[in-house]
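Peer 1: Given the structure of chain A, go ahead and fit chain B onto it with the hints provided.
Going down the list, the protein sequences come from chains A and B. The opening residue of the first sequence carries number 266 in our numbering; numbering runs sequentially from there. The opening residue of the second sequence carries number 266 in our numbering; numbering runs sequentially from there.
Be aware that a few hints might be false.
Note that the list lumps identical chains together, so a pair holds whenever it fits in one copy or between two copies.
[Stated by the list, open to error] Think about it this way: if two alpha-carbon atoms lie no more than 27 angstroms apart in a straight line, the pair counts; the simulated DSS-like pairs of lysine-lysine are:
{"#": "1", "residue 1": "454", "residue 2": "425"}
{"#": "2", "residue 1": "429", "residue 2": "454"}
{"#": "3", "residue 1": "372", "residue 2": "454"}
{"#": "4", "residue 1": "392", "residue 2": "454"}
Please keep in mind that the hints were generated in silico from the structure rather than gathered at the bench. Treat the numbers as computed from the prediction; the structure is a model and nothing was measured.
There are 2 protein chains.
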Amino acid sequence: MLGVFDSGLGGLSSVRKLTEILPREDIVYFGDTGRVPYGTRGRETIIRYALQDLRFLERFSPKAIIVACGTVSSVALDALRQATEVPVIGVVEPAVRAALAASRERKIAVLGTPATIRSGSYAAKLKAADPALSVLGQACPLFVPLVENGHIDPADPITKETVKRYLEPVLAFGADTIILGCTHYPFLKRAIGEYVGEGIRLIDAGTESALETKRILEEKDMLSQAGGERRFYVSDSPQGFAETARVFLDREIGEAVKYVDIEKY
Amino acid sequence: MLGVFDSGLGGLSSVRKLTEILPREDIVYFGDTGRVPYGTRGRETIIRYALQDLRFLERFSPKAIIVACGTVSSVALDALRQATEVPVIGVVEPAVRAALAASRERKIAVLGTPATIRSGSYAAKLKAADPALSVLGQACPLFVPLVENGHIDPADPITKETVKRYLEPVLAFGADTIILGCTHYPFLKRAIGEYVGEGIRLIDAGTESALETKRILEEKDMLSQAGGERRFYVSDSPQGFAETARVFLDREIGEAVKYVDIEKY
Numbered sequence: 266m267l268g269v270f271d272s273g274l275g276g277l278s279s280v281r282k283l284t285e286i287l288p289r290e291d292i293v294y295f296g297d298t299g300r301v302p303y304g305t306r307g308r309e310t311i312i313r314y315a316l317q318d319l320r321f322l323e324r325f326s327p328k329a330i331i332v333a334c335g336t337v338s339s340v341a342l343d344a345l346r347q348a349t350e351v352p353v354i355g356v357v358e359p360a361v362r363a364a365l366a367a368s369r370e371r372k373i374a375v376l377g378t379p380a381t382i383r384s385g386s387y388a389a390k391l392k393a394a395d396p397a398l399s400v401l402g403q404a405c406p407l408f409v410p411l412v413e414n415g416h417i418d419p420a421d422p423i424t425k426e427t428v429k430r431y432l433e434p435v436l437a438f439g440a441d442t443i444i445l446g447c448t449h450y451p452f453l454k455r456a457i458g459e460y461v462g463e464g465i466r467l468i469d470a471g472t473e474s475a476l477e478t479k480r481i482l483e484e485k486d487m488l489s490q491a492g493g494e495r496r497f498y499v500s501d502s503p504q505g506f507a508e509t510a511r512v513f514l515d516r517e518i519g520e521a522v523k524y525v526d527i528e529k530y
Numbered sequence: 266m267l268g269v270f271d272s273g274l275g276g277l278s279s280v281r282k283l284t285e286i287l288p289r290e291d292i293v294y295f296g297d298t299g300r301v302p303y304g305t306r307g308r309e310t311i312i313r314y315a316l317q318d319l320r321f322l323e324r325f326s327p328k329a330i331i332v333a334c335g336t337v338s339s340v341a342l343d344a345l346r347q348a349t350e351v352p353v354i355g356v357v358e359p360a361v362r363a364a365l366a367a368s369r370e371r372k373i374a375v376l377g378t379p380a381t382i383r384s385g386s387y388a389a390k391l392k393a394a395d396p397a398l399s400v401l402g403q404a405c406p407l408f409v410p411l412v413e414n415g416h417i418d419p420a421d422p423i424t425k426e427t428v429k430r431y432l433e434p435v436l437a438f439g440a441d442t443i444i445l446g447c448t449h450y451p452f453l454k455r456a457i458g459e460y461v462g463e464g465i466r467l468i469d470a471g472t473e474s475a476l477e478t479k480r481i482l483e484e485k486d487m488l489s490q491a492g493g494e495r496r497f498y499v500s501d502s503p504q505g506f507a508e509t510a511r512v513f514l515d516r517e518i519g520e521a522v523k524y525v526d527i528e529k530y
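Isolated chain A (complex conformation) (with noise of 0.2 angstroms):
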């Protein structure tokens, strides 16, 4: 079993990438909808959610803990893997390794959350492996809202001119990469991709930690030959779950959501 986790329901785009990559294992899904958004928190409140997201995933045994959340791994990574035995899987580091092997001209740009970006935690890794790269932090505050709302369209003015906004200064950095630090931005890589043209490579985080996944699961010769079920939990009212789930899994889902009391880990 795989334990996937994020601060809201975005994370069920990392759900629908490790569906596709590892479609054998059997994922228990926790959204902490109840205390969404964990990106405009302080430190030790994002550090105190992730360790009780852990402890209800630790439940059921898990193979390896996805952390689908921007925010967390940039900020509590470390505080989960000094809480657990289970691998714990971010979205950076795997994000960082496929930019870092992207990068012609060595200018790579991250968009994220705010806590993200003011972290500087994907800089501080891209900077680790290559010190003489230029990294730029874009903070997209709107995007998380512009996708929950169902903006996604590349001709929806509303997200045209938020794309705009912050992906100008982007190109006027001349980055020839750009890390999609965040669950939700996937969707948002039609109107991101029609703003800044082909030349620039996307990265998308949700991808890249599930291909990390699979090749730890390989490494340990605990990949699964059978299973597939998933399970999902939420720690606010379970309605319009499936709505949501059904836009970011591309799929309808026919599994039970569960209400989890999730103060009580």
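Peer 2: Frame of chain A; chain B shown alone:
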């Protein structure tokens, strides 16, 4: 002492109005920044949070509790009134009275968070007062993130496109009066006003609720003759509070901001 609470910092706009209208009253403000936003959460969660907020403020023996949150005023006001002896003043009822007095064409639009509009609380109260009234509820999910990220300039293209998206149906409907049913929306009053034109009356729920508070204190002969102290509490890191408060209160705040663990109430 007046107790004021909101799901976040938007309610500081109510503190500003209360300070203008009742400058001698001491105010304790609680902003539930650790659990913001309420507007997207389920009904049970909103009621549970609101009761915790109430219990915290009751420690200060308030003369009245002002619920500066449109979502709580729409969803949880009855639960709050059943739980306390202290007068509880929401933002819905005062705004409804003001809108009924202002509208000549008997066509009123209500702007609010998805939860406020879904609750139908404004529409129900308007219709109860005048069944012949036409009411349009317009959910504006992007307005809060716009305000919180400083996109309030009417010339900002993102603001312009978003205002157009939500207000176009309001103009098509033919409203002569618009209720701004969320504490954040007064910051978009100029942008909304420029789009809809001068003939349409904009009712600010925060102002109406401050006037209602004054009426109630006068009635009970409880107006303060001296005072004006303000105290601020939040449920997430107080870091960054001063800056936001400066925007919402339109002045520097010297007062200390304290953290409160709201889950304990």
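Peer 1: Taking the hints in turn, state whether each one holds.
Peer 2: Results for each hint:
1. 454 with 425: both (12 angstroms within a copy, 24 angstroms between copies)
2. 429 with 454: both (13 angstroms within a copy, 25 angstroms between copies)
3. 372 with 454: within (19 angstroms within a copy, 41 angstroms between copies)
4. 392 with 454: The answer is within: 25 angstroms in one copy meets 27 angstroms, while 44 angstroms across copies does not.
Taken one by one, the earlier hints all hold for this structure without exception.
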